[in-house]
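**Q** Read off the chains here:
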Amino acid sequence: MLKIKNLRRLLPALAFALLPGMATAQQAIATGKMLGNTCASCHGTHGKSFDEYMPSLAGIDRQQLIRSMTDYREDRRVSVVMNRIAKGYNDAEIAAVADYFSKIK
Amino acid sequence: MNRRELLKALGAGGALALLNAPAMAAAKNKTAHIVIVGGGIGGATAAKYLRLAAPGVKITLVEPVKRFITCLRSNDVAVGHMTLDDITFTYDALRARYKINVVHDRVIGFDPDKKTVQLDAGGKLAYDKLVVSPGIDFIYGDVEGYTREAAETTLPHAWKAGPQTLLLKKQLEAMPQGGTFLMVAPPNPFRCPPGPYERASLIAEWFQKHNPRAKVIILDHKDAFTKDVPFKKAWERLYGFNTPNSMIEWIPAAKGGTPKRVDAANRTVIAAAGTFKADVVNYISPQRAGTVAFRMGLTNREGWCPVNRRTFESEIVRDVHVIGDACVGDSMPKSGYSANSQAKVAVQAIADMLAGKTPGEPSMINVCYSLAGQDYGVSIADIFKVVDNRIVKLPASGVSPITDSPAQPLLEAVYQRNWHRTFANDCFA
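Going line by line, the protein sequences match chains A and B.
First residue of the first sequence? That's 1 in our numbering, and the numbers climb one at a time after it.
First residue of the second sequence? That's 1 in our numbering, and the numbers climb one at a time after it.
Hint data in this document are derived by calculation from the structure and do not stem from the laboratory.
Beta carbons are placed, not taken as given, at the ideal position from N, Cα and C, and that holds for glycine.
Hints are supplied without guarantee of correctness; some may be wrong.
[To be verified] Partial selection, computed: residues in chain A whose CB lies under 8 Å from chain B: (1) 28; (2) 40; (3) 41; (4) 42; (5) 45; (6) 49; (7) 53; (8) 65; (9) 66; (10) 80; (11) 85; (12) 89; (13) 90.
[Stated by the list, open to error] Derived lysine to any residue pairs resembling SDA-like cross-links, with alpha carbons at most 25 Å apart: (14) A/87 x B/56; (15) A/87 x B/387; (16) A/48 x A/102; (17) B/357 x B/395; (18) A/105 x B/389; (19) A/48 x B/395; (20) A/103 x B/355; (21) A/33 x B/354; (22) A/33 x B/414; (23) B/30 x B/311; (24) B/393 x A/82; (25) A/33 x B/352; (26) B/233 x A/79; (27) B/385 x A/67; (28) B/393 x A/79; (29) A/33 x B/169; (30) B/58 x A/102; (31) B/222 x B/261; (32) A/105 x B/375; (33) A/87 x B/404; (34) B/232 x A/105; (35) A/33 x B/401; (36) B/233 x B/401; (37) A/48 x B/268; (38) B/232 x A/32; (39) A/33 x B/233; (40) A/33 x B/410.
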């Protein structure tokens, strides 16, 4: 039987699964760190870039990163490559990577 | 009977269940040693990210050269926009900042049972996990007349940056006015799928300035290539492609572009489409996994290294992970970005395995900017997941959109240069 404690832990996952437009919600997702490391190839190790067009992501506001990625994905904001990249991620993955970068000092 | 022999006797499945607890204890009790063979993009990234993931382990990187030259941007070197120094990186930061033991040597022997690699200078390295990032080597003699000697003297492939790049540069500079540059583009799969077409573009652009009546002819083993739509649009805009005065002529396999015979001394390539005598022949050889992978017995019949796609552990030898151009990557191109991304997945898997955990979910990206001209970039951006042990490209992403706005290709060219700097730091610094 599920204890309340466990149920509470499950709630965020359930909420994501119920969101519309999430093709791969049922699939396991990579950790924020794994996802963030793939961003590092353009945005710098740990999201710290140096004086380049690709901005640093380290310490970014969580909501700001979620909004940016979602806007890119839905083509509400234009960019050189981020529109194409953002289309590869669901809401849960965007939240995980936003958690990861927002916590880096 | 030691643990390894017991494992063998029991068969992997049952043994794992039985021995999981003692194995975990062993991993905790002694410092694990991870040996990395090959210090290119994949190997350097693996070394650095292993240190970030597992501060306590011992890491040794074995790489013959002391200064690594990236293939990335070597086309710019061939036409004089950059120098080899601009694309040369050292192992100083890996040593100093990440405490990697970098050994400049060559692996000449391998004992997968005793888990050791033999170094050329003598001595063996015992490993708990081995990462092999061997890159590519070339297949000579695929057509009559094409030999290693021809490649090294008259028909440079320039597909590993360094002396070959400079040889191609020298030949271009020595071309007579109105001469012909002939490229043979390799069959799939090969390192850097857009590379031949970027090179053809940059050479056409260089001809506009230095040799305006010269021509670029591409003989191709294939009928399509990556980013061909934006590349051909750029060629129309910049080099008169599809007009009688086009500086670039592309002859696909369907139109007889596949080379049949080479006459190296006369710089001539014979194909069904005709006999092509040129002033410079850039014969980009067919490719296979780097030689060390063959020596170690990690390759399949096609000459590449089959791996578990979630961990990049070899399907042939346990505790050996193969990353980068040499591995079988399904829909993932053989690119520097892919090697960097695969290294991070292998690192996650190794760190999880050493901690006695199931390897976490992988995620990978490939982004690749190419120049169709110094101010004209085209790109591809894809996200990859692993489904049923295959690397699957998610459908939504893809190549640069074609628009009438000059801003898109201009910005892509700017990003291209920005990216090379940041990317090299992610691998080496």
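**Q** Could you run down the list of hints and mark each one as holding or not?
**A** Tested hints:
The interface hint given for residue 28 of chain A is met, as the beta carbon of that residue sits about 5 Å from the closest beta carbon of chain B, less than 8 Å. Restraint check, residue 40 of chain A versus chain B: the minimum CB separation of about 5 Å is within 8 Å; hint holds. With 8 Å as the threshold, the beta carbon of residue 41 of chain A comes within range of chain B, its nearest partner Cβ sitting at about 5 Å, so the hint holds. Evaluation of the residue 42 of chain A hint against chain B yields a held restraint, the C-beta minimum of about 6 Å falling below 8 Å.
About 5 Å separates the beta-carbon of residue 45 of chain A from the nearest beta-carbon of chain B, less than 8 Å, and the hint is met. The beta carbon of residue 49 of chain A comes within 5 Å of a beta carbon in chain B, closer than 8 Å, and the hint placing it at the interface holds. For the restraint placing residue 53 of chain A at the interface with chain B, the shortest Cβ-Cβ distance is roughly 5 Å, inside the 8 Å limit, so the hint holds. For residue 65 of chain A, the interface hint is violated, since its Cβ never comes within 8 Å of a Cβ in chain B; the closest pair sits about 16 Å apart.
At its closest, the beta carbon of residue 66 of chain A sits 17 Å from a beta carbon of chain B; the interface hint therefore is violated under the 8 Å criterion. At its closest, the beta carbon of residue 80 of chain A sits 5 Å from a beta carbon of chain B; the interface hint therefore holds under the 8 Å criterion. For residue 85 of chain A, the interface hint holds, since its Cβ comes within 8 Å of a Cβ in chain B; the closest pair sits about 5 Å apart. Evaluation of the residue 89 of chain A hint against chain B yields a held restraint, the C-beta minimum of about 7 Å falling below 8 Å.
A cut of 8 Å between beta carbons decides the hint on residue 90 of chain A: the least distance to chain B is about 10 Å, and the hint is violated. Only pairs whose Cα atoms come within 25 Å are accepted, and residue 87 of chain A paired with residue 56 of chain B is rejected, the gap being roughly 37 Å. Between residue 87 of chain A and residue 387 of chain B, the direct Cα distance comes to roughly 18 Å. Compliance with the 25 Å bound is thereby established for this hinted pair. Restraint check for residue 48 of chain A and residue 102 of chain A: satisfied, since their Cα atoms lie roughly 12 Å apart, inside the 25 Å limit.
Pair hint residue 357 of chain B plus residue 395 of chain B does not hold up; C-alpha atoms about 31 Å apart against a cutoff of 25 Å. This hinted pair does not check out: residue 105 of chain A and residue 389 of chain B have alpha carbons roughly 36 Å apart, beyond 25 Å. Taking the CA atoms of residue 48 of chain A and residue 395 of chain B, the gap is near 29 Å; set against the 25 Å cutoff, the hint is violated. The hinted pair formed by residue 103 of chain A and residue 355 of chain B meets the criterion: a straight-line CA distance of about 24 Å does not exceed 25 Å.
The suggested pairing of residue 33 of chain A with residue 354 of chain B holds, with an alpha-carbon distance near 18 Å, which does not exceed 25 Å. Note on residue 33 of chain A and residue 414 of chain B: the hinted pairing is violated, with a Cα-Cα distance of about 28 Å set against a maximum of 25 Å. A C-alpha spacing of about 23 Å is found between residue 30 of chain B and residue 311 of chain B, which places the hinted pair at or below 25 Å, so the restraint holds. In summary, the hint linking residue 393 of chain B to residue 82 of chain A is supported, as the alpha carbons are separated by about 16 Å, within the 25 Å threshold.
A C-alpha spacing of about 13 Å is found between residue 33 of chain A and residue 352 of chain B, which places the hinted pair at or below 25 Å, so the restraint holds. Distance hint between residue 233 of chain B and residue 79 of chain A is fulfilled; the C-alpha atoms sit about 20 Å from each other, no more than 25 Å. With a CA separation close to 23 Å, the supplied pair residue 385 of chain B and residue 67 of chain A stays within the 25 Å bound. Restraint check: the Cα-Cα separation between residue 393 of chain B and residue 79 of chain A comes to about 21 Å, which is no more than 25 Å; the hinted pair holds.
Between residue 33 of chain A and residue 169 of chain B the alpha-carbon distance is near 42 Å, which puts this suggested pair outside the 25 Å criterion. Note on residue 58 of chain B and residue 102 of chain A: the hinted pairing is violated, with a Cα-Cα distance of about 30 Å set against a maximum of 25 Å. Proximity of residue 222 of chain B to residue 261 of chain B is assessed by CA-CA distance (about 17 Å); at most 25 Å being required, the pair is judged to hold. At most 25 Å may separate the alpha-carbon atoms for a hinted pair to count; residue 105 of chain A and residue 375 of chain B exceed this at roughly 36 Å.
The suggested pairing of residue 87 of chain A with residue 404 of chain B holds, with an alpha-carbon distance near 23 Å, which does not exceed 25 Å. Between residue 232 of chain B and residue 105 of chain A the CA atoms are separated by roughly 44 Å; this puts the pair beyond 25 Å, and the hint is violated. Between residue 33 of chain A and residue 401 of chain B the CA atoms are separated by roughly 30 Å; this puts the pair beyond 25 Å, and the hint is violated. Taking the CA atoms of residue 233 of chain B and residue 401 of chain B, the gap is near 11 Å; set against the 25 Å cutoff, the hint holds.
Restraint check for residue 48 of chain A and residue 268 of chain B: not satisfied, since their Cα atoms lie roughly 50 Å apart, outside the 25 Å limit. Proximity of residue 232 of chain B to residue 32 of chain A is assessed by CA-CA distance (about 38 Å); at most 25 Å being required, the pair is judged violated. Of the pairs offered as hints, the one joining residue 33 of chain A and residue 233 of chain B is violated, with about 38 Å between alpha carbons and a cut-off of 25 Å exceeded. Taken as a hint, the residue 33 of chain A and residue 410 of chain B pair is broken in the structure, with Cα atoms around 32 Å apart against an allowance of 25 Å.
Figure legend: structure checked against the earlier numbered hints; hints not met, in rising order: 8, 9, 13, 14, 17, 18, 19, 22, 29, 30, 32, 34, 35, 37, 38, 39 and 40.
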